[in-house]
Structures are given as structure tokens and as C-alpha cells.
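Asker: Single-letter residue listing:
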Amino acid sequence: NAGVMQNPRHLVRRRGQEARLRCSPMKGHSHVYWYRQLPEEGLKFMVYLQKENIIDESGMPKERFSAEFPKEGPSILRIQQVVRGDSAAYFCASSPSTDTGELFFGEGSRLTVL
Amino acid sequence: EDQVTQSPEALRLQEGESSSLNCSYTVSGLRGLFWYRQDPGKGPEFLFTLYSAGEEKEKERLKATLTKKESFLHITAPKPEDSATYLCAVKTGTASKLTFGTGTRLQVTL
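Just so you know, the sequences run in chain order A and B.
The opening position of the first sequence corresponds to residue 337 in the working numbering, with each subsequent residue numbered one higher.
The opening position of the second sequence corresponds to residue 28 in the working numbering, with each subsequent residue numbered one higher.
Note that these hints are calculated values from the structure, not bench results.
All of these numbers come straight from a predicted model, not from anything done at the bench.
Heads up, a few of these hints could be off.
Stated by the list, open to error - Chain B is faced by these chain A residues, among others (derived, beta-carbon under 8 Å):
hint: 1; residue: Y369
hint: 2; residue: L374
hint: 3; residue: P375
hint: 4; residue: L379
hint: 5; residue: Y384
hint: 6; residue: E388
hint: 7; residue: M396
hint: 8; residue: P397
hint: 9; residue: F401
hint: 10; residue: A424
hint: 11; residue: F427
hint: 12; residue: F441
hint: 13; residue: G442
hint: 14; residue: E443
Yeah, the Cβ is synthetic: ideal placement off N, Cα and C, and Gly gets one too.
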């Protein structure tokens, strides 16, 4: 049973370019969460999605960031016009329900903005 | 706003030297406190869930306890493979949206 798969593991972008990060949840999991981890900081919640729906995006910056979880295919976190401050590790997690706080994390996508 | 504070930031132990990590929290309506382990370059890995004051959970050399204001992760006779960052998180809403502390970096040496 494959775990949460994220790709790419490492991504380098120049300022102003777009970054797309993908996440395939564990089989049978319909709840997906994205977290951002800045150097020397804790994991910060960004967005919670179920299939085709954004449930809670209270942690997402208002501009340049968007997320989706289509009926078919992986969840995607999209960052437009990246800036140096977007450099971070972005983690995706999935769970089978909302009753649990046991999240299954991927290994993360590390974005570096030059 | 929910707040989670972990201490110490870093801890260095010799193999076999037991110690405890602290997680203090300020939340409105705790629906669970969670401990995760994170190795360098990896995603967090779930360890324990605690729901109510007085509850304890154990796994190998680790034991987690919970009071109304804080949680402790006790490490008994640690080994070098226990070296990692230990993260504490709280859940207050109905979804699995967690608020994490900044973690304790544990290094266990021979």
C-alpha cells in the first residue's frame, strides 16, 4: 500500500515563475491537507481539500496561491509569480476521515526560488 | 488563536540517558494532542494521540502523557536511532487540521 506520494521532491524556480506541486494521497483517503515548513519554523497549515472541494483555506496566502483536488488525479498546489519568501518545504498529508488527527505525510516538495 | 510551545528547542543525550520533552498548549476546546517524529528530509511520522488529561500512551522507549495544559514525551534509555525532531500538534476543530509546535531536535550519541 503506497504512502502519500509527492512530486517533485525538489523544485527550483526563478522569481516570477510558477511552481506546481503534486500530491497523491494514500489509497482510500479522500482528505488532503497541505502544510508549509519554513526554515526554523513549525509546520503551518495552508489548506484542506476533499475531492473537488476546498473545505478550509484559512492558511493560504490570499494572492498567488491556489489548490485543487480534482475528481481524477492528484491534488495540486500552485504558486504563481514565486518570490524568494516562498522558498520552503511543502508537505501534503492525507487521512481517511476527519475524526482522526493521524495524518499520513508525504516526504515533501522543497521549493527554492532564486 | 491556538498556540503550541515546545521545549527545549534542542536536546543532546547520551545513549541510555532518559529525559522528557515538553509541549505546552493554549487552545479553545482540545479535540486531541498528537506527537509526530520527523527525520531530516522526511515528512512527519505519527506516533501518538492523546485525548484527555491523565491519558498515557507507550511505544517502545517512548511514553506520552497529557495534562490540561501540557504534554510530555518521555524517552527511556534512548538509542542513537531515536535521534529526530519530535513535533507536538493539537486539533481543535472537526477536521484534521492540526496546529504544530516548532519541535524539539533530539540527538542521541553513543
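Asker: State for each hint whether it applies.
Answerer: How the hints compare with the structure:
1. Y369: 7 Å, holds
2. L374: 10 Å, violated
3. P375: 11 Å, violated
4. L379: 4 Å, holds
5. Y384: With a minimum Cβ separation of about 6 Å from chain B (threshold 8 Å), the hint on Y384/A holds.
6. E388: 16 Å, violated
7. M396: Constraint on M396/A not satisfied, violated at 12 Å.
8. P397: 17 Å, violated
9. F401: 17 Å, violated
10. A424: 14 Å, violated
11. F427: Check passed: Cβ of F427/A comes within 5 Å of chain B, closer than 8 Å.
12. F441: F441/A check passes; min Cβ-Cβ to chain B is 3 Å, inside 8 Å.
13. G442: With a closest approach of 5 Å, the G442/A hint holds.
14. E443: 5 Å, holds
The structure shown violates the earlier hints numbered 2, 3, 6, 7, 8, 9 and 10.
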